[in-house]
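Protein chains in written order, with the working numbering: chain A, 89 to 544; chain B, 71 to 531; chain C, 583 to 964.
Bear in mind the hints are in silico, worked out from the structure with no lab data behind them. Remember, predicted model here, so these are calculated numbers, not experimental data. Errors might be hidden in some of the hints.
[Unchecked claim] Mimicking BS3-like on lysine-lysine, the simulated pairs with C-alpha atoms at most 25 angstroms apart in a straight line are: (1) B:Lys508 - A:Lys211; (2) C:Lys757 - B:Lys109; (3) A:Lys139 - B:Lys508.
[What the hints assert, rightly or not] Not the full set, but computed from the structure, chain B residues with beta-carbon under 7 angstroms of chain C: (4) Ser91; (5) Ser92; (6) Thr94; (7) Leu98; (8) Tyr99; (9) Tyr101; (10) Ser141; (11) Arg162; (12) Phe183; (13) Lys206; (14) Val207; (15) Ala399; (16) Asn404; (17) Tyr431.
[What the hints assert, rightly or not] Now the in silico label distances, taken between C-beta atoms and shown as ranges: (18) A:Gly210 - B:Arg461: 40 to 50 angstroms; (19) A:Arg180 - B:Ala287: 48 to 58 angstroms; (20) A:Glu480 - B:Lys86: 55 to 65 angstroms; (21) B:Asn242 - C:Asp594: 15 to 25 angstroms.
Don't be surprised by glycine CBs; every beta carbon is placed ideally from N, CA and C.
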Amino acid sequence: MPKTDKLFSKLREIIGEANVIQDPDKLKAYAIDGKKPKVIVSPGTIDEVSKVVAHANQQHLFITPRGNGTKMGMGGIPKKIDIILSTSQLNRITDSDCENLTLSAESGMTLDEVQKSLAKVGKGYFLPLDPPFTEKATLGGIIATNSSGPKRLLYGTVRDLIIGAKTVFPNGDIVVSGGKTVKNVSGYDMCKLLIGSYGTLGILCEMTFKLLPLPEKEATLLLSFAKLEEADNFVREMRGSQLIPSSIETLNAIAVQKMKYAISMPPNGNYLVAIGLEGVAESIDRQIFEMSEIGKKHGILEAVTLYSEKHQAFWIAIRDFSKGLTEKCPNLISLKSNFLISKSGEMLESYEKITQGLGIDGAFISHAGNGILYSYILPAKNFRSKIESLVELIGKLTFEAMKNEGNLVVESSPLSIKKKVDVWGQSRSDYLVVRRLKEQIDPGGILNIGRFVGGI
Amino acid sequence: MDREKMVEELVKLVGKENVLSSETDLYLYGYDASLFRGKPDCIVLPGSTEEVSKIVKFAHEAGVHVVGRGSGTNLSGGTIPTQGGIVVHFSRMNRILEIDIENQRAVVEPGVFTLALKNALARYGYVYQPDPASEKVSTFGGNFGENSGGPHCLKYGVTTNHILGAEVVLYNGDVVHVGGKTLDNPGYDLTGVLVGSEGTLGIATKLILRIMPKPEAVKTMLAIYNTLEDAGKTVSAIIGDGIVPATLEMLDRLTIKAVEESIHAGFPLDAEAVLIIELDGLKDGMERLAERIMEICKKNNVREVKAAKTEAERMQLWAGRKGAFGAIARLRPNYLVCDGTVPRTKLPEVLTKVMEVGRKYDLSIANVFHAGDGNLHPLILFDERNEEELRKVHLAGSEIMKLCAEAGGTISGEHGIGTEKKKEMLFVFTPQDIGAMKKVKMAFDPEDIYNPGKVLPEIQE
Amino acid sequence: MKQEELKTLLYDEIAKCNRCGFCLAHCPIYTIMGREWATPRGKNALVRAIIEGKIGWTPEIEDTLFRCTGCRLCTQTCFPAVETNQGVLAGRACLADMHQYPKIVDRVVEALENNFNISDEPNEDRTLWMDFLKNVPEHMYQKEKAEVVYFVGCVAAFFPLVQKIPQAFVQVLDKSKVDFTILGGEEWCCGFPLIQMGMEEKMQKLVEHNQEKVKQVSAKTVVFACPSCFHTWKEKYNTNAELLHSTQYMERLINEKKIVFNNGFNKTVTYHDPCDLGRNSKVFDPPRNILNAIPGLKLVEMANNRQLCNCCGGGGDLEMIDPELSAAIAERKIQEIQDTGAEVVVTSCQQCIRTISGYARKKEIDLKVMDITEVVLEAMGS
Ligand SMILES: Cc1cc2nc3c(=O)[nH]c(=O)nc-3n(C[C@H](O)[C@H](O)[C@H](O)COP(=O)(O)OP(=O)(O)OC[C@H]3O[C@@H](n4cnc5c(N)ncnc54)[C@H](O)[C@@H]3O)c2cc1C
Ligand code: SF4
Ligand code: SF4
């Protein structure tokens, strides 16, 4: 028996035959950036996770945690993968305490499942997070990648919503951080460390979140503009006002076209500002009115309001923007840039210019209230010959973000590009602490090696 | 290293007038607002990041501890130099460096008083949301160290939700920038870990804060109850009805009495509890929500519920709440503020038990707290000159923490662990949990330069 | 004072300080010095440590205790209202007992013993301010009997910068047809500086003399333009006469229509509450009522006013003991004044004027500082 087999028989012992998969086809399907795992394990309890990890740590087996695989393309190229640890069987709500506005659930649950169950309680509750692919994305994956969506403008991101976590550390310890109360300053805020850590510090197994009651009313206001400057001036005024939209998204024409929600823009409509509203009924009506008035000052071409199903469908289309795209455009490159909020307009403008200059199509969606811009670069047919210019493009876009105190992360791209850029953008002064944390917590270096910043 | 040598070196770095080392000064920097005492080797008042960096570098090379200090108002012994060393007092680094309205950020030095920034922002119609009762004197360095909260944190979150970045001096004097004015910077969320780390991981020399436009409207209500239980139930019922107010604060009978004696906020003396409920946001629909809240109060046997009609009335209600700790201070020379949180539905039950603890030790306990987020503040009254009483106070405090932990809560909602509650950490965390935190400490400060002996209890590894 | 006395008198008071630190935000000394010894909390801690025998009378304690303006902003903003300044003064008294105090103290004590005024000038010179006044009556405002005694105070009598106060006030009284007198060379220092220096026992002689003089004149009312004299009389003197600050008295004259404003005063002004008048004697409204009664005058308040009005830096003999510190406090005060956009800052205390305009002059800051008596006189016209 080859050595690895012996190692894996121990895994079978821990979690049972059925939960250890070595079928070559499956393994191939789970490959990341061409690196195939040797085994896929799906522990059913946190204790099992702990034992699997402890075993791997002892035997120096490399583990990559996985939820539903919606973000496996993110991050750097893994150095080596022995075990893919799937959280698919950690899929229970362990404590739904809507009265206290908290919910604890295991990391393998999808966000949609959670939301559905919350909506049924009393007058209805929700976890105010709207990252991409909620029907597939698991809680663990969302947290590990600090995934977010348009509503972050009002509700914040995972860091504002998570209050407790149970994590298996690389040495197999089950570590509880935070708790079930919304206020908690007992010890270090370990939850923060795990958010956006891409599974490099521990396997997130169970989390506790803050909840909110469902809003009374929701609506969308779509405003189209001919010029970016007008759209930006409108957004600027919005940001400085006392109005409280839940999201402000600015889309360029290509983004509107490619989006899976048909919007008929007026003939000279080149930019769409989409505003999400949720809250007390009266306030929604007033905001629609006032925003349209403000819009008029800034030259809106058209204002459209969406309610109920249309409203929902529109935001799903924004969130899951890249979903349909990858099929049509396998070489899609998704980028996420951050920068000073006030530079939203300038950033979009410069990104459009740069892509146009290189003759490449780019769909842009900006969280205009947060200083985040998602770029979807759509290389034309002869992709291979364009690799160099695409790398150059990413460099230029990164430079623009850095000028505005931000950075650029390549969220997904063909391997050939990934090999040539640092997907994490410009390195930062605090990476020296990041590295030390990794060394302290995962001294054996078994968790998700190679995928995080600075090659961690 | 002997003190004289240390002082000599430090004087070279920051000048003579900014190094204190007389017996008197060492005595004065041995206390904070907690009941603990220590003694530093000397005190330094730096004026810039470079100076802080040099001081820490020197301390690191000399193997001396460093304790950061703002106004020393923390209640858990976070600034007590338990093992000597250099106290770095940030009173000179008190400049608001930037108010960047367009990007909705402010940049401050650690010695700026929380309220000073708020006053400066008012001119622009902007606010910084966290509002610890001590805001007029608490510094941002201290808020950062303790992850401070306040009444409005129910809706807006605590300090950590409003600190987006920092310039940090590491244990060896290196300066790094964590987070920033921009969101979602790649890497671990070091800012998030540093906030609330009580000066044990790094020293902040600059803080980047989130600021936002002031809400358009506010509505403040006072609800008066004959039983604590009804007040507690109202709290849960409001949230259960889908309303998350900006604040939900509760005061009990003893507190009401003390407040009325000193501030005259208009609370009736014979009430068992009052709630201060505030809504903020857009003016639309606020009336309707307020009425709904009043309805809920009535369903839960409120004796009387009324809304403040003018800004002056509103300020008066808040003066009563903000002055509560202080008013209690008039009853006896000292009070220990316990700071535990429980799931809010457990409030009535835990409060009853807290009062039992008071009876058991024959101590008066007053309650004034953030009911909306289940953050209790039982105030145990005593005279610290009476040693027997002091001993009982510590026991009662610990017992109350146990109650909170057993009710599914935790041992600190906003005041930190410091020196005070180290052993109580084991009420809520296993040695493994603590072990993980130790690793974080090791990563930031492998030589235990910063604020030794705080937060983490000793565990057998 | 002996240490044991300190304990009986103040231990319970000082023990009320629970080190919450709220006073730090307000204390003018801490605001400038930024170190713990400068805080009211620190002062309480030190007095307590002395009482408890944990620390001796170190030189730093002397420095600390002699750096307090007596503004009582700490007590005002302290929830248990700890009387920090009482501890400070008692501490100074203990130090005095041990002859441990700044050198300048001896000079002042000597001056008071020899000449009964802080300037160490011949006491007859107390009336020299009249030299610059036109139409001084023959009796030089010194009558044998009068309804009202105007107690001028040492500073206003001797310091040229503020002699404008008695100059203005006697004219106001004159125009209002008040039957008043000053005590001239028979006015002795009220004793305030001695209290500040921890030598209260030395003031008895002064108190008795002044009380006796007022009695001799058969005055029903004693009026002070100096808040500290006023406060000292109220606290330490025993007299049947009514004691009023000039602002209270002028307010009465306005109500009685004895003061009439023919001119008005067409300016925006802000009002600075002197610590000993406002916070320490609770006289807040009379000066404001006077200003609001003047036609054309627009009153704007400073960010911190009334109970929370910031100290100018001149109190507690600080200007004498640590002029630099006093000036730094004044600088902040001036900033706050300028932030109001007022053209004139009005106050009702010669010490505040000295501190504020003294600093403004030195730094060539264009700031008009007036005593309220001057404003009233100007507004009355002829
Ligand atoms: C009467 C009273 C009421 C209070 N009310 C509240 C309340 O409502 N909510 C609340 O949350 N707290 C409250 N507190 C507690 C306290 O005021 C807060 O914790 C406050 O944030 C401490 O600020 P400080 O400047 O006094 O910090 P300090 O006490 O000086 O320091 C606190 C901690 O921060 C660390 N620290 C200081 N500066 C830095 C720096 N630059 N970098 C890194 N670490 C640093 C210190 O080492 C220490 O561990 C109250 C305290 C009192 C006495
Ligand atoms: S003097 Fe008053 S305000 Fe100052 S620390 Fe003591 S109790 Fe607090
Ligand atoms: S009286 Fe004024 S100067 Fe003296 S300690 Fe109090 S606040 Fe400070």
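Do the numbers back the hint for Tyr431 of chain B, that is, is its least Cβ distance to chain C under 7 angstroms? 19 angstroms, violated
**Prompt:** Does the nearest C-beta of chain C fall within a distance shorter than 7 angstroms of the C-beta of Phe183 of chain B?
**Reply:** 6 angstroms, holds
Taking the Cβ atom of Glu480 of chain A and the Cβ atom of Lys86 of chain B, is their distance within the range 55 to 65 angstroms? 56 angstroms, holds
Any CB of chain C closer than 7 angstroms to the CB of Tyr99 of chain B? 6 angstroms, holds
Return the status of the interface hint for Arg162 of chain B: holds when the least beta-carbon distance to chain C is below 7 angstroms, violated otherwise. 5 angstroms, holds
Hint check, Leu98 of chain B versus chain C [nearest Cβ-Cβ separation less than 7 angstroms]
Result: holds, 4 angstroms to nearest chain C Cβ.
Any CB of chain C closer than 7 angstroms to the CB of Ser91 of chain B? 10 angstroms, violated
Given the hinted pair Lys757 of chain C and Lys109 of chain B, is their alpha-carbon gap at most 25 angstroms?
With a Cα-Cα distance of about 65 angstroms, the restraint between Lys757 of chain C and Lys109 of chain B is violated, given a limit of 25 angstroms.
### Query
Hey, Lys508 of chain B versus Lys211 of chain A, does the alpha-carbon distance stay inside 25 angstroms?
Violated - the C-alpha atoms of Lys211 of chain A and Lys508 of chain B are around 43 angstroms apart, more than 25 angstroms.
- Item | Lys206 of chain B as chain C interface residue, shortest Cβ-Cβ below 7 angstroms | 5 angstroms, holds
message: Less than 7 angstroms between beta-carbons is the criterion; does Ala399 of chain B satisfy it with respect to chain C?
response: Hint on Ala399 of chain B: holds, closest Cβ of chain C at ~4 angstroms, below 7 angstroms.
Task: Status of the Asn404 of chain B interface restraint (C-beta, 7 angstroms, chain C) - done: 5 angstroms, holds
Hint compliance for this structure: hints 1, 2, 4, 17, 19 and 21 are not met, and every other hint is.
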